[in-house]
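**Student:** If you read the sequences in order, they're chains A and P.
Going left to right, the first sequence walks through residues 10 to 337 as the working numbering numbers them.
Going left to right, the second sequence walks through residues 12 to 522 as the working numbering numbers them.
Quick caveat, the hints were computed from the structure, so don't treat them as lab data.
As the structure is a prediction and not an experimental result, all values here were calculated from the model.
Treat the hints with caution; some may be incorrect.
Unchecked claim - Short, incomplete list of chain A residues facing chain P, as computed with Cβ under 10 angstroms: (1) Asn166; (2) Val186; (3) Gly194; (4) Met210; (5) Gly269.
What the hints assert, rightly or not - The list that follows gives simulated cross-link-like pairs (lysine-lysine, DSSO-like), each with its CA atoms no further than 27 angstroms apart: (6) P/Lys297 to P/Lys283; (7) P/Lys212 to P/Lys140; (8) P/Lys61 to A/Lys124; (9) P/Lys283 to A/Lys124; (10) P/Lys212 to P/Lys242; (11) P/Lys212 to P/Lys297.
Claimed, not checked - Derived Cβ-Cβ restraints for the label pairs, each shown as a range: (12) A/Ala137 to P/Asp71: 11 to 21 angstroms; (13) P/Asn346 to A/Asn291: 38 to 48 angstroms; (14) A/Arg310 to P/Pro341: 14 to 24 angstroms.
The beta-carbon is built from N, C-alpha and C at its ideal position, and this holds for glycine as well.
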Amino acid sequence: MIGMAGNRGLMGSYGVVVALMLVILFGWLRYDNFLSPFNVMSVLRYNSMFALVALGMCFVIMTEGIDLSVGANAAMSSVVAAHASHYGLVPGLAAGVGAGLVVGLLNGLIVTRLKIMPFIATLATMLAAGGMALLLSGNQSIPVSYATSFTWLGQGNLFGLPVPALIAAVAYVIGSVILNRTSAGRTVLAIGGNEEATRMMGLPVERTLMVTYIACGGLAGLAGVILAAQFGAGQPIEGKGWELFAIASVVVGGTLLTGGVGSVGATLAGVLLLGVLFTILNFENGKGWISLSAYWQSVIRGFFLLVVVLFQARLARKHAAQPAVSAT
Amino acid sequence: MTQPPLLRIDNLHKRFGGTVALDGAEIEVAPGEVHALVGQNGAGKSTLIKILTGFIPGDDGEITFEGAPFSVGSPQAAQAAGISTIYQEINLVPTLSVTENICLGREIRRRGLLDWRGMRAEAERLLAKFNMSIDVSRPLSDFSTATQQMIAIARAIGFSARLVIMDEPTSSLDEREAAVLFDVIRGLRDEGVSVIFVSHKLDELYEVCDRVTIMRDGRTIRACAMAEIGKLDLVSTMLGREISRSGGRTTAFAGDHDHDVGDTILSAEGLKDGAHVRDVHFSVRKGEIVGFAGLLGAGRTETAKLVFGAARPEGGEIRFDGAGFAPQTPADAINAGIGFCTEDRKVEGIVPDMSIAENMMLALMPKLARAGILDEKRQARIVEKFIASLGIKCAGPGQKIRELSGGNQQKVLLGRWLAMSPRLLILDEPTRGIDVGAKAEIQKLVNTLADDGLAVLMISSELEEVSEGADRVFVLREGLTVAELTNGEINEERILAAMAHGGGEPSVAEA
């Protein structure tokens with residue numbers, strides 16, 4: 010098991026993967042078209058935005074931090090990308106990601122230089138980015154250019170798979186390599202495990218935190234680009250609640266909010282679990298037996314989240330309760 | 012010594028605000044030498060180490076390492092320059108694997124990525140030096156404290172250090188584990204690596220160290236070969252007591268010990284808890300001041316915490332007021348009538364931003380509240396009373412406690428416990444960090460309390476405070492009660508002798 014996150018992370022990922030498979034099995038048995046190519050593709054296409062945001066959040070949470078600004082950041086970046094999309098795909102992409110990076114940079118500076126708690130720091134940038142999104146859009150959806158190939162980023166296919174899903178997949182592979190195979194990734198876990206000790210060990214704490222927040226902002230920006238490309242417009246108010254969805258996915262994936270333990274793969278499973286659950290609720294509505302409003306769906310998802318997190322916590326406790334052994 | 016020293020520190024100074032931490036400290040360490048660095052709390056050892064390892068800059072002075080002027084701005088730089096440090100508190104990351112804890116900071120890479128197989132082999136190779144073979148891919152938190160300490164040492168050695176600083180590395184090790192550590196230290200010495208070894212356990216120093224530097228009040232008092240200095244000499248140099256010292260009182264304690272001493276209120280036999288408390292016995296009577304003497308790490312505070320329910324003993328018996336006593340929590344001890352003024356005011360005592368009144372009433376709150384509502388008037392009356400009787404200098408009960416001087420803060424804490432009308436008061440270093448005038452006032456106060464019939468257990472590292480203040484003194488040494496001195500026998504020489512040799516009178520514990 011060389012190179013895997015700690016045992017606790019593994020325990021956590023079993024839980025979420027099992028839950029994901031059970032939910033898919035349930036959907037497959039109950040609904041006719043649940044595993045139809047169309048449905049699978051659209052679930053992947055839609056949830057890739059959340060996957061990108063959750064990936065950044067996963068790293069931030071592993072440092073025992075939090076980033077509340079990702080939702081507002083994605084909204085703002087979608088507006089910026091929509092404006093820039095008229096110059097082409099690359100300018101649109103660069104502008105959106107760049108806007109996200111700026112927010113991430115701000116977060117990093119506030120947390121590492123001004124020593125403000127991440128919760129407060131990113132709450133402030135969340136408000137600022139949210140306001141900026143409305144300013145830049147005049148409180149309107151900003152249509153993207155259909156003359157350029159920009160919308161391909163959200164609506165296109167490559168090798169028969171949705172482009173956004175491929176982008177997310179690449180991001181997760183890179184994230185997993187960074188976490189498991191680079192010292193920067195291990196330093197992220199070390200900071201969350203014991204920041205002071207990490208400093209004492211001579212590892213670059215501030216620099217790593219800085220890069221983590223910048224990357225998280227950049228990924229939110231990328232999600233914003235895909236949002237604009239997928240729906241054909243920059244959406245100044247769309248990102249609301251994304252940060253909570255991302256935190257929920259990360260936690261469901263067994264990453265501890267207390268930092269130091271985490272898994273990129275399990276975070277992806279967490280995103281998919283919540284996404285598939287949402288789809289099931291839609292299918293259930295489609296069957297006509299019950300008619301759940303969006304509000305009720307939200308309530309049910311919250312309840313389900315609680316159940317999964319309780320299940321994770323039980324697993325983690327069971328592991329922690331094992332007696333410590335001295336092997337001298 | 013014919014070869015030039017590996018490390019030489021000259022005339023090092025450091026101030027923190029108004030307080031002088033280092034006032035011309037010196038140390039010289041030869042290559043391949045195990046060098047003991049000793050001194051009381053506040054002698055400046057940790058400040059010196061922090062400057063050497065790049066945590067804080069020095070104000071003035073000269074450091075030469077490997078023949079060149081040396082100055083580092085960060086722990087990374089010190090590590091890179093060949094100075095590794097093992098701290099007393101294990102400074103590793105519990106959630107990471109053993110491999111990572113050993114290798115992070117000098118990872119083995121292959122094609123830019125971490126080479127887990129290589130790092131694992133490296134971790135296993137280093138641990139093999141300690142005859143340890145463990146599953147290095149498991150998280151650190153799976154292992155015992157002693158194993159973790161060994162892992163910390165393996166990490167330090169892995170940095171191919173020229174100098175390894177060990178700050179009380181044995182404080183969490185048992186004797187067998189410490190013996191393994193000493194073998195490792197000797198192995199390092201044979202490889203030409205120098206070690207600075209900080210410890211309060213005298214026997215260890217004599218077992219493993221070649222030379223010693225003794226610090227006091229931020230200055231280097233003496234440096235010599237271990238063989239040239241006896242234990243008694245070492246302890247008295249460290250504490251700054253001349254062995255043949257003429258009389259003359261230096262504390263405000265009444266000299267005649269005329270408290271009306273009553274029946275035994277607290278007694279303990281065969282107390283045992285981990286490595287710090289191995290076999291401690293003592294007793295306190297009503298109206299008596301009992302002193303706990305001993306070097307740092309002798310187990311005094313740990314014993315007090317057992318009595319106060321802040322830790323539970325592994326063995327032994329405590330009797331309070333004639334009955335068996337096994338407090339599970341501090342609340343149990345408080346309800347039984349025991350107060351505990353802790354050693355570290357700032358961490359365990361005061362709540363800096365709360366008022367004097369609130370700080371004083373914290374422990375009493377459960378008793379003052381009726382159905383959860385505090386009786387403000389009664390509270391104010393009690394606070395006013397203690398401010399007057401303890402002579403707390405303040406603007407009023409509403410003043411924030413952090414605005415008070417150390418001495419007045421200590422009086423507020425005394426008031427906190429006295430307000431509970433305790434029958435036994437434990438004072439841990441009651442006058443540490445307090446100016447001379449306030450010190451005398453607090454000593455007088457303790458005396459008066461004992462005259463009024465309160466039983467006092469006083470832990471103090473200041474010899475004169477124990478020898479002049481206490482009616483009876485128990486000397487602790489490495490977790491054992493090694494001497495009990497009563498009124499006529501109490502003097503600094505006897506206390507020093509017991510601290511150094513474990514003598515005084517034969518102890519049951521050493522049978």
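**Student:** A separate judgement is required for each hint: does it hold in the structure or not?
**Tutor:** We went through each hint and held it up to the structure:
For A/Asn166, the suggested interface contact is broken, since its CB lies about 32 angstroms from the closest CB of chain P, more than 10 angstroms. For A/Val186, the interface hint holds, the least distance from its beta-carbon to any beta-carbon of chain P being 7 angstroms, beneath 10 angstroms. Taking 10 angstroms as the C-beta contact cut-off toward chain P, the hint placing A/Gly194 at the interface holds, the least distance being around 8 angstroms. Using the Cβ-Cβ criterion of 10 angstroms, the hint placing A/Met210 at the interface with chain P is satisfied: the shortest such distance is roughly 6 angstroms.
Satisfaction of the interface hint for A/Gly269 is found here, the shortest Cβ-Cβ separation to chain P being roughly 4 angstroms, below the 10 angstroms cut-off. Taking the CA atoms of P/Lys297 and P/Lys283, the gap is near 25 angstroms; set against the 27 angstroms cutoff, the hint holds. A C-alpha spacing of about 24 angstroms is found between P/Lys212 and P/Lys140, which places the hinted pair at or below 27 angstroms, so the restraint holds. Under the criterion of a C-alpha separation no larger than 27 angstroms, the hint pairing P/Lys61 with A/Lys124 is consistent with the structure, at around 22 angstroms.
Taking the CA atoms of P/Lys283 and A/Lys124, the gap is near 43 angstroms; set against the 27 angstroms cutoff, the hint is violated. Annotation: proposed proximity of P/Lys212 to P/Lys242 holds, straight-line Cα distance about 11 angstroms (limit 27 angstroms). For the hint linking P/Lys212 to P/Lys297, the alpha-carbon distance of about 33 angstroms lies beyond 27 angstroms, and the restraint is violated. Range check, A/Ala137 to P/Asp71: Cβ separation about 46 angstroms, and the 11 to 21 angstroms hint is violated.
Separated by about 60 angstroms at the C-beta atoms, P/Asn346 and A/Asn291 break the suggested range of 38 to 48 angstroms. Range check, A/Arg310 to P/Pro341: Cβ separation about 44 angstroms, and the 14 to 24 angstroms hint is violated.
Of the numbered hints listed earlier, those contradicted by the structure are 1, 9, 11, 12, 13, 14.
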